[in-house]
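**Student:** Sequence:
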Amino acid sequence: MALLRKINQVLLFLLVLTLCGILYKKVHKTAVLKHEADDESESPEDMEEEIPVVICAAAGRMGATMAAINSIHSNTDANIVFYVVGLRNTLSRIRKWIEHSKLKEINFKIVEFNPVVLKGKIRPDSPRPELLQPLNFVRFYLPLLIHQHEKVIYLDDDVIVQGDIQELYDTTLALGHAAAFSDDCDLPSAQDNNRLVGLQNTYMGYLDYRKKTIKDLGISPSTCSFNPGVIVANMTEWKHQRITKQLEKWMQKNVEENLYSSSLGGGVATSPMLIVFHGKYSTINPLWHIRHLGWNPDARYSEHFLQEAKLLHWSGRHKPWDFPSVHNDLWESWFVPDPAGIFKLNHNR
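The numbering of the sequence shown is our numbering, which starts it at -5 and goes up by one.
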């Protein structure tokens, strides 16, 4: 009887030992699999950050958009996703241009902008009607169009990027700032060209200081302006500060009181931004926004200076795909022909 009890104890011990061995192998295997899975998946720090670039594609200027996209894509290894914004009747044409050209390899999303949000917010009497087209106001509504990104780059369509867009994206925004712009008073010396007759770089050029509403802002008319054709924006701050609502408020006030200056013959999108962001924006490296190339067809910049520039902006009436214009050879080097044959260059002299 004692022998039987001893045998049972030995068997029980072996059973427990076997169970422990099985359990250990199971736990060890799970840990190994988890470790291997962790090795295969990139940590957030190792994952390549996606850089969202928002750019509009208006019907008559789509060639500009495609040239800008081509220049950005060709000069960076960064993971860019292009948000190409258009009106409903142009969306299929945008897609066709991209998918049937050298741009077919880019990562892009087509976003529809509904102009109904602008109803009652724009005066129809601007001396430059082209500035009233709905896509000119897309920059006001960035958080409504782009949802999953913390930081966003917005670009006007009449730009060419010669540098790595990653540098622009890495622009530091000060705490509490919703956006960074290029300051019109820190223009590089090469832009200090006295042939740019009528060039405005202060608030006086955009706001009508004869109006009480403008005077009550307490902003000196000699305050330096900024150009919202290139924006690096923080979406969290933008939403927290209700920037879009503030911009709409000043659009509405302008409809009621005609607050913008007529000296620039436009400024309909810049003026409300100057008010809302006064004293509350960070600055972009000046070489990342060399502007006014479209201001005067007789004003040219040195070739050396243009080669140093990271981003060229043909702001003004004289666009590089049209005549007359300057430095259009730089722009044309990035032009992507329209597969539909609708957009054509006009450089007749």
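One or more of the hints may lead you astray.
Unchecked claim - Simulated pairs of lysine-lysine, DSS-like, Cα-Cα distance not exceeding 30 Å: (1) 145 / 96; (2) 113 / 205; (3) 274 / 304; (4) 113 / 145.
Hints were generated in silico from the structure; no laboratory data involved.
Owing to the predicted nature of the structure, the values given are computational and were not obtained by experimental measurement.
**Student:** Where does the structure disagree with the numbered hints, that is, which hint numbers, in rising order?
**Tutor:** Hints that this structure does not satisfy do not exist here, as all of them hold.
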